[in-house]
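Protein sequences appear in the order of chains E and Z. The C-terminal residue of the first sequence carries number 235 in my numbering, and the numbering is unbroken. The C-terminal residue of the second sequence carries number 114 in my numbering, and the numbering is unbroken.
If you're looking for bench data, these hints aren't it; they were derived computationally from the structure. Some hints here could point you the wrong way.
[Said to hold, decoys possible] Derived EDC-like pairs: lysine to aspartate or glutamate, alpha-carbon spacing no greater than 20 angstroms straight-line:
| id | chain 1 | residue 1 | chain 2 | residue 2 |
| --- | --- | --- | --- | --- |
| 1 | E | Lys53 | Z | Glu110 |
| 2 | E | Lys52 | Z | Asp106 |
| 3 | Z | Lys103 | E | Glu46 |
| 4 | E | Lys52 | Z | Glu32 |
| 5 | E | Lys52 | Z | Asp107 |
| 6 | E | Lys231 | Z | Glu32 |
| 7 | Z | Lys103 | E | Asp60 |
| 8 | E | Lys161 | E | Glu123 |
| 9 | E | Lys81 | E | Glu204 |
Predicted, not measured: the structure shown is a model, and the values here were computed from it.
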Amino acid sequence: MEKRSDLLIIVPAYNESESIAAVIEELSRVVPQYDYVVVNDGSRDETAAICKKIGATLLDLPANLGLTGAFQTGMRYAYEKGYQCAVQIDADGQHDPRYIPEMQRIMEEKDEDLIIASRFVTEKRPLNARMIGSAVLDASIRLTTGRKINDPTSGMRLYGKRLLNWMAYDLNSSPEPDTVAYLLRCGARVEECQVTMRERTAGESYLNPWRSVRYMSHMCMNILFVQWFRKRRKL
Amino acid sequence: MSLAMRILLIIGACWMLTFVLRSVRRSRMRTEESFFWIAFAVLMVILAAFTDIIGTLSGWIGVESPANLIFLMVIFLLILKIFALDRKAAKLQHQMTELIQRKAIDDAQEREGQ
């Protein structure tokens with residue numbers, strides 16, 4: 001697939017056959033100026049078949065790697081094909097691609113390394129059960145880096161040129177809040193951009209209450225006790 | 001416990017902690033594993049430095065010899081770790097199997113297509 005833009009949209013997909021076609025259609029309609037690539041993470045349903053049928057650019061993983069592995073595949077592709085930056089869009093329809101041009105503009109204008117599409121820059125983050133995890137992560141990141149991140153779990157992040165190589169090849173680079181904490185400690189320039197996100201339109205979320213708690217405590221442990229010790233790399 | 005023994009224990013535990021921290025620092029381990037090993041190494045240092053803790057604990061629990069309690073704790077942690085490793089190995093094996101199977105089927109389909 002010929003490279004048309006400097007920005008690559010990475011769509012990791014696992015068992016999203018119900019929503020993937022709509023997501024791809026929206027990308028082609030709303031942001032046709034950007035290249036995109038779907039990374040099929042060893043789906044058991046027709047996700048890959050649907051992508052092939054509609055002619056989507058597809059990286060078809062022969063086995064399941066999880067979100068981190070799938071996303072990193074997209075990053076490798078981005079780096080090796082010479083893209084300047086890459087943004088993650090989820091395959092469940094929650095991320096609205098119309099904010100991408102704005103995110104890219106901010107990144108270029110202010111020479112940022114990472115733009116996080118955040119629901120809570122101008123809107124206040126609500127105090128409910130769902131947002132407890134987000135609040136705890138925010139506090140942990142602030143404790144270890146001094147920086148407030150209003151929406152640490154937002155998956156819609158634009159990674160800049162200086163991060164591409166590391167995100168593409170490092171064994172620890174993941175599209176998760178603890179990586180954001182690590183990057184902040186490395187002196188990365190991080191900015192949040194106000195967006196609205198939608199609810200999942202179809203399919204099932206991976207997170208149930210128990211998994212959410214495990215995920216949050218895992219992330220907190222990493223941010224508070226592990227990212228601390230890792231050698232800061234020069235960006 | 002003799003002073004020499006205590007010093008040896010503390011040195012040993014600190015050496016282990018240094019080794020673990022260096023591995024984490026150089027990103028030779030994944031963050032998931034790093035937390036366990038950092039916590040484990042810190043625990044060893046604390047127990048080595050404050051040997052009375054084990055003595056008091058075994059008194060409370062009613063364990064005959066403090067050494068037994070240390071054995072119990074470490075063995076329990078090791079069992080948990082082995083269990084986790086087993087799960088990880090199973091996942092790796094499954095991924096390998098999928099990869100191999102996928103390659104064979106894709107090769108066959110390619111040949112059929114020709």
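Quick one: which hint numbers does this structure break? Sort them smallest to largest. 4, 8 and 9
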